[in-house]
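Undergrad: Residues 27 to 438 (our numbering) are what the first sequence spells out, left to right.
The set of hints was computed from the structure by calculation and includes no laboratory data.
Glycine included, C-beta positions come from ideal geometry on N, C-alpha and C.
Any given hint might turn out to be false.
The calculated label-pair distances, taken between Cβ atoms and stated as ranges, are [as the list claims (entries may be wrong)]:
hint, residue 1, residue 2, range
1, Glu100, Glu264, 26 to 36 Å
2, Gly329, Gly205, 33 to 43 Å
3, Glu238, Pro145, 28 to 38 Å
4, Lys172, Arg58, 52 to 62 Å
Taking lysine to any residue and the SDA-like style, the derived pairs with C-alpha atoms no more than 25 Å apart in a straight line are [said to hold, decoys possible]:
hint, residue 1, residue 2
5, Lys153, Gly329
6, Lys69, Ala79
7, Lys438, Lys69
8, Lys153, Val427
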Amino acid sequence: MLDIKIIRENPDLVKKAVKDRNDSAPVDEVLRLDTERRRNIGKLDALRQERKAVSKEREKAQERGRALRAEIQELEEEVKKIDGQLQELLLQIPNIPQPDVPTGKDDCDNVTVSTWGEPRQLSFEAKPHWTLGEKLNIIDFERGVKLSGSRFYVLKGMGARLQRALITFFLDLHTQKHGYQEIYPPYMVKRECMVGAGQLPKLADNIYHDAEEDYWFVGTAEIPLTNLHRDEILPAEELPLYYCAYTACFRREKMSAGKDTRGIKRGHQFDKVELYKFVTPDTSNDELEKLLHDAEDVCQKLGLAYRVRLLCIGEVSFAANKSYDIDVWSPGCGEWLEVSSCSSCGDFQARRTNVRYRPEPEAKPQFVHTLNGSGLALPRIMIAIMENYQQADGSIAVPEVLQKYVGAKVIK
RNA sequence: GGAGAGGUGUCCGAGUGGUUGAUGGUGCCGCUCUCGAAAAGCGGUCUCCGCGCAAGCGGAGCGUGGGUUCGAAUCCCACCCUCUCCGCCA
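Turn these sequences into a full structure, and let the hints guide you.
TA: So this is what it looks like as structure tokens:
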């Protein structure tokens with residue numbers, strides 16, 4: 027959520043951001059309601075002031091009191107209505123991109139800012155992971171479909187083991203080497219958490235939801251982590267806070283119907299280790315770079331070639347003001363796989379969740395800045411490992427850092 | 001799910017219709033005292049909204065949302081959460 031004052035004072039800046047994102051958020055309507063709201067609050071406060079004075083005179087002024095009550099109630103309802111509308115619209119306005127975010131509308135306009143390693147050349151014809159997975163009997167697509175339908179699969183034996191090894195490896199690396207605290211959050215959260223993280227109201231179509239209890243299934247650990255300190259004023263000395271969390275992630279993938287239906291690249295359920303930071307505003311730019319490096323480090327330790335892309339405005343997600351993607355090359359399916367997306371959200375999420383800190387002991391509380399990044403997404407990295415480390419006989423060599431976690435040097 | 005108890009400021013804990021943002025203690029900050037520290041004393045110390053360049057002025061907030069009243073932390077209704085016991089269960 028943006029500061030209403032910023033919208034009030036820089037309407038053109040906000041409108042440009044909305045337009046560049048191909049969004050249609052109603053900025054003018056927000057401005058109109060804001061004016062309306064302030065006018066009514068002025069009136070209301072004056073009436074309440076009078077009520078206070080009148081009520082002190084006890085029985086003497088009951089008649090005036092009754093009239094005031096009616097007037098106040100009417101105005102209160104009006105203000106409440108306007109407030110509700112304003113709030114609803116405010117929640118629809120996306121974050122304003124940072125100045126160094128390139129213009130553009132799709133993948134083609136993203137800018138590759140760095141690369142690491144050489145895309146692997148195999149001396150034989152690379153097989154896609156779905157072929158390798160079935161041959162090795164570590165991914166069972168048929169039974170996944172039998173249990174839950176399309177976009178589900180079952181990991182078996184060393185497949186399940188490899189995934190578990192990766193999760194543990196990621197968490198160990200981030201907690202022991204990068205300074206993150208491990209969190210195990212709920213996978214289902216309240217509606218207000220979805221709103222806080224910026225998933226609702228906009229992305230409702232893509233979220234699984236239990237209507238009876240109004241629980242919402244997380245599509246990323248970013249959601250519970252964003253809400254971890256909801257309505258808190260954090261002591262300045264506790265910042266920055268670095269958290270990492272492993273969770274399952276659930277996504278309806280309605281927007282991507284028919285896309286990536288083969289293999290394990292895009293399922294309704296997948297696992298991910300997420301990195302999340304609460305920081306002071308002056309440090310958030312540096313923190314984004316550090317976050318990116320922490321995610322890159324995982325790829326490097328796994329020996330996977332990758333490129334880092336700075337996303338253009340059209341590709342930056344609703345709550346973010348700047349994002350980098352990490353794409354890993356995978357020779358089997360022959361594509362760059364997005365294994366991580368690292369974003370800075372400024373105070374956008376902190377406003378929605380009301381997370382603040384006090385810069386100085388007596389100072390007024392200020393909103394913190396938040397950042398998030400995958401570290402990393404499991405299915406994509408599984409694909410990359412299987413396809414990059416495949417051998418001519420169809421077996422898969424286990425990257426050295428993973429061997430102690432997997433308990434084997436080769437999956438065959 | 002059933003029965004009971006309870007939700008007030010950093011925390012503890014008063015307050016059951018009328019200057020109560022809210023007694024008191026505690027914590028925190030400043031000052032006094034001291035060679036220094038402790039103790040003691042004095043003062044300050046919540047958040048949000050509106051108006052204002054600012055100083056400041058006004059409004060709102062006692063789990064949440066409604067209601068009664070000239071006036072509600074205090075009365076009424078609904079819901080949420082915590083604790084204890086019972087039931088059920090990984």
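Undergrad: If a hint holds in the structure, say so; if it doesn't, say that too.
TA: For each hint, the structure was consulted:
A C-beta distance of roughly 45 Å is found between Glu100 and Glu264, which places it outside the suggested range of 26 to 36 Å. For Gly329 and Gly205, the Cβ-Cβ distance of about 24 Å falls outside the hinted range of 33 to 43 Å, so the restraint is violated. Distance hint check: the CB atoms of Glu238 and Pro145 are about 49 Å apart, inconsistent with the given range 28 to 38 Å. With their beta carbons about 55 Å apart, Lys172 and Arg58 fall inside the hinted range of 52 to 62 Å.
About 19 Å separates the Cα atoms of Lys153 and Gly329, which keeps this hinted pair within 25 Å; it holds. Distance check on the hinted pair: Lys69 and Ala79 sit about 16 Å apart at the alpha-carbon level, within 25 Å; holds. Of the supplied pair hints, the one linking Lys438 and Lys69 is violated, its CA atoms being roughly 76 Å apart against a limit of 25 Å. Restraint check for Lys153 and Val427: the C-alpha separation of about 23 Å stays at or below 25 Å, so the hint holds.
Hint compliance for this structure: hints 1, 2, 3 and 7 are broken, all remaining hints hold.
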